[in-house]
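Chains as they are written, first to last, in the working numbering: chain A, 5 to 383; chain B, 5 to 383.
Among the clues, some could well be false.
Copies of one chain are not kept apart here, so a pair can be met inside one copy or by any two copies together.
[What the hints assert, rightly or not] Calculated lysine-lysine pairs in the BS3-like style (CA-CA distance at most 25 Å, straight line):
#, residue 1, residue 2
1, K294, K186
2, K134, K306
3, K304, K134
4, K10, K128
5, K214, K304
6, K183, K118
7, K306, K128
8, K304, K86
9, K86, K306
10, K10, K114
11, K214, K381
In short, the hints are calculated from the structure, not lab data.
2 protein chains.
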Amino acid sequence: MIMVRKMKIQYTLLKQEKNTKARYGTLKTNYGTFFTPMFMPVGTLANVKTLTSDELKQMNSAVILSNTYHLWLRPGAEVIEKAGGLHSFMNYDGPILTDSGGFQVFSLAKDKKKDIVEEGVHFKSHLDGKALFLTPELSIQIQNKLDSDIAMSFDECPPYPVTREYMEKSVERTLRWAKRGKAVHNNPRQSLFGIVQGGEFEDLRAYSAKETVKMDFDGYSIGGTSVGEDKETMYHMVDYAIAYLPEDKPRYLMGVGDPLDIIEGVIRGVDMFDCVLPTRIARHGNAFTKDGKINLKNLKYKEDFTPIEMDCDCYTCTHYTKAYLRHLITSSESLGGRLLSIHNIRFLIRLTEELREAIQKDSLLAYKDTFINRYQKKI
Amino acid sequence: MIMVRKMKIQYTLLKQEKNTKARYGTLKTNYGTFFTPMFMPVGTLANVKTLTSDELKQMNSAVILSNTYHLWLRPGAEVIEKAGGLHSFMNYDGPILTDSGGFQVFSLAKDKKKDIVEEGVHFKSHLDGKALFLTPELSIQIQNKLDSDIAMSFDECPPYPVTREYMEKSVERTLRWAKRGKAVHNNPRQSLFGIVQGGEFEDLRAYSAKETVKMDFDGYSIGGTSVGEDKETMYHMVDYAIAYLPEDKPRYLMGVGDPLDIIEGVIRGVDMFDCVLPTRIARHGNAFTKDGKINLKNLKYKEDFTPIEMDCDCYTCTHYTKAYLRHLITSSESLGGRLLSIHNIRFLIRLTEELREAIQKDSLLAYKDTFINRYQKKI
Numbered sequence: 005m006i007m008v009r010k011m012k013i014q015y016t017l018l019k020q021e022k023n024t025k026a027r028y029g030t031l032k033t034n035y036g037t038f039f040t041p042m043f044m045p046v047g048t049l050a051n052v053k054t055l056t057s058d059e060l061k062q063m064n065s066a067v068i069l070s071n072t073y074h075l076w077l078r079p080g081a082e083v084i085e086k087a088g089g090l091h092s093f094m095n096y097d098g099p100i101l102t103d104s105g106g107f108q109v110f111s112l113a114k115d116k117k118k119d120i121v122e123e124g125v126h127f128k129s130h131l132d133g134k135a136l137f138l139t140p141e142l143s144i145q146i147q148n149k150l151d152s153d154i155a156m157s158f159d160e161c162p163p164y165p166v167t168r169e170y171m172e173k174s175v176e177r178t179l180r181w182a183k184r185g186k187a188v189h190n191n192p193r194q195s196l197f198g199i200v201q202g203g204e205f206e207d208l209r210a211y212s213a214k215e216t217v218k219m220d221f222d223g224y225s226i227g228g229t230s231v232g233e234d235k236e237t238m239y240h241m242v243d244y245a246i247a248y249l250p251e252d253k254p255r256y257l258m259g260v261g262d263p264l265d266i267i268e269g270v271i272r273g274v275d276m277f278d279c280v281l282p283t284r285i286a287r288h289g290n291a292f293t294k295d296g297k298i299n300l301k302n303l304k305y306k307e308d309f310t311p312i313e314m315d316c317d318c319y320t321c322t323h324y325t326k327a328y329l330r331h332l333i334t335s336s337e338s339l340g341g342r343l344l345s346i347h348n349i350r351f352l353i354r355l356t357e358e359l360r361e362a363i364q365k366d367s368l369l370a371y372k373d374t375f376i377n378r379y380q381k382k383i
Numbered sequence: 005m006i007m008v009r010k011m012k013i014q015y016t017l018l019k020q021e022k023n024t025k026a027r028y029g030t031l032k033t034n035y036g037t038f039f040t041p042m043f044m045p046v047g048t049l050a051n052v053k054t055l056t057s058d059e060l061k062q063m064n065s066a067v068i069l070s071n072t073y074h075l076w077l078r079p080g081a082e083v084i085e086k087a088g089g090l091h092s093f094m095n096y097d098g099p100i101l102t103d104s105g106g107f108q109v110f111s112l113a114k115d116k117k118k119d120i121v122e123e124g125v126h127f128k129s130h131l132d133g134k135a136l137f138l139t140p141e142l143s144i145q146i147q148n149k150l151d152s153d154i155a156m157s158f159d160e161c162p163p164y165p166v167t168r169e170y171m172e173k174s175v176e177r178t179l180r181w182a183k184r185g186k187a188v189h190n191n192p193r194q195s196l197f198g199i200v201q202g203g204e205f206e207d208l209r210a211y212s213a214k215e216t217v218k219m220d221f222d223g224y225s226i227g228g229t230s231v232g233e234d235k236e237t238m239y240h241m242v243d244y245a246i247a248y249l250p251e252d253k254p255r256y257l258m259g260v261g262d263p264l265d266i267i268e269g270v271i272r273g274v275d276m277f278d279c280v281l282p283t284r285i286a287r288h289g290n291a292f293t294k295d296g297k298i299n300l301k302n303l304k305y306k307e308d309f310t311p312i313e314m315d316c317d318c319y320t321c322t323h324y325t326k327a328y329l330r331h332l333i334t335s336s337e338s339l340g341g342r343l344l345s346i347h348n349i350r351f352l353i354r355l356t357e358e359l360r361e362a363i364q365k366d367s368l369l370a371y372k373d374t375f376i377n378r379y380q381k382k383i
């Protein structure tokens, strides 16, 4: 079932949209070739919450993401290594990207306390407060053991805002950490991405991008977004970084999954997105629709025997009504969150499918206007 | 997808086992013909917790059970009626049995307080303490609206033990309630079962059975078990009741799902069983195996890369290892409970498949010995 994997990923740019920086391309992986731009569902603990691998395949997902920090704590990298790697452990025969743990150290450390030293980061486990020390080398070594298809460099992800002085030092440290991680990376079938930092400072983003590209990674991420900045600032961060990223490598905007942000990211030349949003909002009864986000707990759905979206091809919309989903959600039955997760992930994947079509037709800006007009009307 | 339903269920006795009272038969329903003895998964709130209807079909389930009391409170019988009945509401195109609410009134009433009068039972909602009044007529009317394939009479389910004097009065009341419910039953495609009560008193069970059978129901349940009595007493209750039940109607032992109790029930002539056990224990990390129940939280499964049972054909055992399931359960990922529910329900359905085979071969007692020896070795 799990095929023999040999190579790193290969990005091919198939078409550059005429009116924007949007790109239509392919990502060749050991598990098949997938189109970009793509949305990657997040399986923090080696599962996309409530869903099986088969269900992810059925909704046409390509790369999925899993979290190095979480897997390091539970079940531990050694268990997954002994299982034959993450694919075998979670029985997913599609490409997997692992993050570096950098973001989690900064967002999940117990009491938000951490001590950043040149060697790495001292912090406490969010589970039991145990003292932990994560270094660029250790992050890569864990990811080598997890045997994901794409590993991420260990970076410092500063909050927003920080002083320019702090950000200058942080960018330099992230570059040194990227170099150290790359030096120990030792898995010929695992690609390694560099991460561009620099906050909202245009010259620091440019510097970070150029220096990271010099190290010649298999792809490049834009980090340090969705950390408290406003949308316009985030879009600028993307613009500043992408200007210096090579055309022949994939670009990944980390932690971004709001539909409007995906559209803006694609317009700016991003190829890959990930976010826990579709599964997290599902657990609270929320569903994406083209007419904006809706909450199924709303009384108006009590006797609404239509699917969430009439034209959606997901398992949930082809099998269940809003009235039934509302019943499950208001009765705290976890099948409700599961079915909404399926719809929400499929919604974002369908969005990327439509964006790819618009890029091919050079009609992305028109698509964006139509989408936003409809999506924001009901928000 | 949902076919036109016209008729009541029909039971056919195909084979009586030589050495026991066990029966092999079929239950013809509007959704196909199914073999008995059968185990019915419980979908309290119009879903078998965490699972879709397709998944139930995949594990070869036949009749499933849903709870009148719970559906009456949420989403309400009217909503389900407007949806076109329970099959349509929950998108299950297989037979559904609804209980009467009798057991829930006695087990779930807020503060266990209830006031039983001749007309019905006054009690308070377990959700919000609201005063409720359920009568034999109302229970049947709700079930008529739910449009299940098999409805149950509304009975009094006394605790164990009660005095003989109390039980005598209770049995008489349950008989009067059965008559009143039958009088208002008005759904030509819905079968109606009577319930035999009488506690541990042989003559009262006999009396209850004979009087209930006189009313000519489509099937007969044995109620008032699993209410605190020991196993031997429960088996006696079953013996006492079944002695007076007709051969040409199905017999249903309510709320029983322990593997050993299913075997003992089958030996005594029971055709149908239901229980929340397989899904409830799943949520706590427990799995049935032929070598006894195991808890996946156990450290010894941390690096056990084999399925729960090598020879099990369920989705979980054909896709996932104990190490992965342990990881999900210990990390509180609800996919774990979902996958264990699939295995546990399939385990009980497979058990009934094997029991049917043993009945056909007149080897039920040998099957029982082999099963028990293996099952109890590790308990």
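Item checked: Alpha-carbon proximity between K10 and K128, which holds within one copy, between copies, both or neither at 25 Å -> Intra 37 Å, inter 64 Å, cutoff 25 Å: neither.
Margin query: Within, between, both or neither: how does the pair K214, K381 come out at a Cα-Cα threshold of 25 Å?
Written below: neither (41 Å within a copy, 66 Å between copies)
Check: Between copies, within a copy, both or neither: which fits K134 and K306 at Cα up to 25 Å?
Finding: between (46 Å within a copy, 21 Å between copies)
Margin query: Treating 25 Å as the Cα threshold, decide for K294 and K186: within, between, both or neither.
Written below: Result: close neither inside a copy nor across copies, 42 Å intra and 50 Å inter.
Check: 25 Å Cα cut-off: does K10 pair with K114 within a copy, between copies, both or neither?
Finding: For K10 and K114, the Cα distance exceeds 25 Å both inside one copy (39 Å) and across copies (62 Å).
Next item on the list: If the cutoff is 25 Å on CA atoms, where do K214 and K304 land: within, between, both or neither? Let me know, please.
Entry: Classified as neither: same-chain Cα gap 53 Å, cross-chain 50 Å, threshold 25 Å.
Note to self: My question is about K304 and K86: at a cut-off of 25 Å on alpha-carbon distance, are they close within one copy, between copies, both, or neither?
What the structure shows: Classified as between; 15 Å across copies, 51 Å inside a copy.
Note to self: If the cut is 25 Å between Cα atoms, do K86 and K306 qualify within a copy, between copies, both or neither?
What the structure shows: between (49 Å within a copy, 11 Å between copies)
Next item on the list: First find the shortest C-alpha distance between K306 and K128 inside one copy, then the shortest across copies, and answer within, between, both or neither for a cut-off of 25 Å.
Entry: between (45 Å within a copy, 24 Å between copies)
Next item on the list: First find the shortest C-alpha distance between K183 and K118 inside one copy, then the shortest across copies, and answer within, between, both or neither for a cut-off of 25 Å.
Entry: within (22 Å within a copy, 72 Å between copies)
Notebook entry, point to check: How would you label the pair K304, K134 (within, between, both, or neither) given a Cα cut-off of 25 Å?
Noted result: For K304 and K134, only the inter-copy Cα distance (23 Å) is at most 25 Å; the intra-copy one is 47 Å.
Checked against the numbered hints given earlier, the structure breaks hints 1, 4, 5, 10, 11 and satisfies all the rest.
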